[in-house]
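Construct the entire structure; sequences and hints are all you get.
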Amino acid sequence: MKTRVGSIAQLLFVDLIGSVAWFPVWWYTKGLQMLLQSVFRALQYRVRAYAFGIWIKNFFVPMYGQYDWTGRLISVFMRFVVLIGRGIAITVIAWVYLLGVIAWVLLPPLALLLFFQGGAAGILN
Amino acid sequence: MADPQTLEQQERNFDAQRDLRELQRTEGFKENVGLPSVDGLLVWGAPIDDFHLRFRKIRRYTNIGFHLTLIILSVLTVAAFLYRLFQQESIQALWTAEFWFAGYPEVTLFWLGLFLDAFIIFRLFEYSQDTKRIPGWGKSSVWLHHYQETAKERANFRFDISPYVDDSGWEVVASAFRLAKNLKRNEIGVPHLFAAALSSQTGARFLMRVGLSFDRMKAPIADLINKGASGDGIPPLSGEAKRVLISAYENARLEHRRHVTAIEIFLEAFKQDERIQEVFNQVGYPPEHVIHVAEWIKLRAKLREDHDRFVRLAMLKPKSAMNRSMTARATPLLDRFSEDLTLSARSGYLAPIVGRDREMGELLRAIESGQRSVIMVGHRGVGKQALIEGLARKMVAEDVPPELFDRRLVSINIPQVIAAGDACLAAERFFAILQEVKLSGNIILALQNIEALSGTGSGPLDLAEGLASELGRGPFIVIGTTTPENYSKYVERRSLGSRLIRVDVPELNPDAAIRVLMARCGAIEYKNKVFFTFASIERASVLSDRYLHDRALPAKALDVIREAAVLARKKRGENAFVTAEDAATIIHDKANVPVEAVSQDESQKLLQMEDHLHQRIIGQDAAVVAVAQAMRRARADLREGKRPIANFLFLGPTGVGKTETAKALAAEYFGSETNMIRVDMSEYQDATSVYRMIGQAGDERGGLLTEAVRKNPFSIVLLDEIEKAHPDILNLFLQVMDDGRLTDGVGRTIDFTNVVLIATSNAGTQFIQDETRKGTELERIKTMLLEQQLKGSFRPEFLNRFDAIIVFKPLSKDDVEQITWLMLGRIEKQLEEKGMGFRVEDAAVALLAEAGYDPLFGARPLRRVIQDRVDNQLADILLKGEAARRDTIVLDRDGVMKVEKAPPIG
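Listed in order, the protein sequences are those of chains A and B. Reading the first sequence from the start, the letters are residues 1 to 125 in our numbering. Reading the second sequence from the start, the letters are residues 126 to 1031 in our numbering.
Treat each hint with caution, since some may be false.
[To be verified] Taking lysine-lysine pairs in the DSS-like style, the calculated list, with each CA pair at most 30 Å apart, reads: (1) A:LYS57 to B:LYS563; (2) B:LYS277 to A:LYS30; (3) A:LYS30 to B:LYS257; (4) B:LYS444 to A:LYS57; (5) B:LYS182 to A:LYS30; (6) B:LYS652 to B:LYS427; (7) B:LYS396 to B:LYS277; (8) B:LYS695 to B:LYS715; (9) B:LYS264 to A:LYS30; (10) A:LYS57 to B:LYS442; (11) B:LYS309 to B:LYS352.
[Stated by the list, open to error] Per the computed footprint, the stretches of chain A lying under chain B, defined by three or more beta-carbons under 8 Å from a beta-carbon of chain B, are: (12) 15-21; (13) 100-113.
Simulated from the structure, these hints should not be mistaken for laboratory data. C-beta atoms are modelled at their ideal positions from N, C-alpha and C, and glycine is treated no differently.
Put into structure tokens, the structure is as follows:
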């Protein structure tokens, strides 16, 4: 059972000060994992929203029930265009997410580095 | 073939689980060290005293303060950065390397700020929540499986559950501690935890649903928490209390809750302390009742979670009539005559379905099976519509077989389609709609009350036949609904029937209906601004099942609670509780059967029924006692459920009070003499007259008796002179007396369980008179009647079904004299209304009784005598105006009527 001193010590040294040491570890393990998971989920949701599976399965099925030759031709063309369009969209989104992940990885060391650089430059000036 | 490795693994798992359960039962609980579980050895590790309870708060405020400081610092760095930026000549400076690397202190701080932001993100994720999430919460089944597998590795480690208890739970623990400390108990017991939980917000919600006030529980709970040894100082958690907390954790984990909350502690404390259960039982709430309420609260939480998931998935479903693969086609005509159920479900207009997993599974299976189109057959109100709406929600969430994937469910309004006035136009419209459905290819048709298609079939044109032939060819799916009667009448033997797979939707039992009501009552509560107690929902379900027969569960119970909500709001205003009595009142009004709890007035009336009946019935003690006893049994709910309240056979000569007894009972108990359905059996002497009584197939009016009982199920059914009826008709009553129901010509089942069935008969009159004259005892006469005399008139199985066969003895002269008094009393009452008095001398009564007595006809001639000798004279006096108000009319010893003038006023 914890004593009073123990509790207060835990608050000060583990919760407050200790967290500074725990921060970098968390950032590149648990935190990064969380970020990647949410990016993955968001992408998955996007893919479902764009219904790639359905569109590929129905690639040769004419749109709007137009079963004539021209209908089929236009439909296949349209499906191709739409699939390409959506493919581009999902790629762009994926890139944006990737940039986010890179920013996450680089942020603490870069910020710290630039802070020290700035400090040094300030002193030199 | 199954993989042997997997089998072995499963076996091992099974063994491990069994060992675990064994451990839970023995070691853990007995020695009070902890409970083995997949997380390890569960223990309560947090100290409970004033300091530590306060320290929890201190820690939280310290963290909040720390985070706020960090956030302010971060904002300041941004502010400083902006300040530096605006110092520049132009904002373009942002794009120069010089600005960034010149070593401005503000820019340097900005970089520090960014680092700080990362630190804040970390702190907020890791330290802003006091309560840890229970391991496994929100994890995939693969994770859970792995976790289960590795349970043994953790088995020897203690697992402190206290960090998983959320604020509401800690509040309960803290107030239990304060309670025990203030009462100077030597430990915190289960009753302290329970009392604390009861006075928490969760407890209040709980009590509200149970329909109990806190004040009512206060005294017995106070008794409980004062029990046990007293002691000074800081009371520790008792072994039992720890067990409650640990079980609460275990319970929360099994139910996939995020944290341990007050409700788990409340429920575990309730379950583990029999004294607490006794306290609730004593005030009329058995343990199952309380546990049901807990289920209700959890059901609501689950519905909320399901709703969140549904909303997320619904976003993926197209908003328009077009499917995602865009193969569909515009359907302008269909859109005019239909409602898009998937669209309604997507917008959240359709309620989720509760239960009915079997029917839904059958429905989806039938669609998958290849023949595809389905007809749901069930009585009105069983929830066929709810099933269709549930399917629409499943389709929105795409939780359906491939046949239904990326489609929409459209309900055609059949009456609107066929309301063309011209049958040909209706058919044209219908086929055009089917053509659209076929071409579009993404539509599932819902045709509710599909029999309406057959209804238009005048002559050669029948839409049902048309639909059947289209179904034979067309690649589209139809889901129809109909009732069993209409199914056999319009669908089964026709070509449509062969194209549709039948899915039966049986009526819900009251227990399942309660769950539906629990799920649906939220909207009603919101609309009426009232709250349902569990008892009201339970009563609505059970009583509507027993007394309302026109519709099925759960619809009829839903109607009842809807009306009960309005009633409660009108009676007691907003925020009132809907009680069981409100539900009973609605059932009473709908079914004409008093189902409310027996009130004080009524129990007095029941207890004194003999006295009241005696005021009208002279000389038939045995009959009066038998009738009164049967009524008391019925109202105390001790009778057998599936029979009429009572079946009586009154035997005896004419004019001795058989019908009068029935009338007196109707007046006394059923409200008025008119609450009696009187059937003269002499009108039913041939076999065909049975149709008059129960109605004929195809004739919606029903029969005389069945309709009367259907409209007024709580009444007396008097079958007068039953020996005169045709034997076939008597057979009909065999079923009524045994099962309490009768099926009328239309096929409706009429409920006879709330009637008192009284049959009267003159059979054996001569025998009764002869034997009475000889002075034979009544009991003996009855035995002899049953054994010999009645054999010719009634079959033994018929006589056996009566609860009591009561022999009315012939009236003696004394009886007739008393009856004379009674009859004259009625005249006195009439005159009283005219403001006149009425006095009769004893000798006059004796004279009338003498003249009116006839051993053969009982008291019947008496009525005529009184009419001749009293009423006639009285009419003359009144018409001539010989008597004025305040005068007294006197019938003297010679039977002559005089007027005594009242003395002048003053």
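>> For B:LYS277 and A:LYS30, compute the direct alpha-carbon distance and say whether it is at most 30 Å.
In response: holds, 25 Å
> CA of B:LYS264 to CA of A:LYS30, is that 30 Å or under?
Replying inline: holds, 15 Å
> Keeping to a limit of 30 Å between CA atoms, is the pair of A:LYS57 and B:LYS563 held or broken?
Replying inline: holds, 20 Å
> Are there at least three residues in the region 100-113 of chain A whose beta carbon sits under 8 Å from a beta carbon of chain B?
Replying inline: Per the Cβ count (4), the hint holds.
> Is the straight-line distance between the alpha-carbon of B:LYS444 and that of A:LYS57 30 Å or less?
Replying inline: holds, 21 Å
> Does the alpha-carbon distance linking B:LYS309 and B:LYS352 stay inside the 30 Å limit?
Replying inline: holds, 11 Å
> Quick one, are B:LYS695 and B:LYS715 close enough, alpha carbons at most 30 Å?
Replying inline: Holds, at about 18 Å.
> Keeping to a limit of 30 Å between CA atoms, is the pair of A:LYS30 and B:LYS257 held or broken?
Replying inline: holds, 15 Å
> Does the structure keep B:LYS182 and A:LYS30 at a Cα separation of 30 Å or less?
Replying inline: Cα-Cα ~27 Å, so holds.
> Does the structure keep B:LYS396 and B:LYS277 at a Cα separation of 30 Å or less?
Replying inline: Holds - the C-alpha atoms of B:LYS277 and B:LYS396 are around 29 Å apart, at most 30 Å.
> Is the hinted pair A:LYS57 and B:LYS442 satisfied, with a Cα-Cα distance of at most 30 Å?
Replying inline: It holds: about 18 Å lies between the C-alpha atoms, which stays within 30 Å.
>> At least three residues with a C-beta closer than 8 Å to a C-beta of chain B: is that true for the region 15-21 of chain A?
In response: Per the Cβ count (4), the hint holds.
Of the numbered hints listed earlier, not one is contradicted by the structure.
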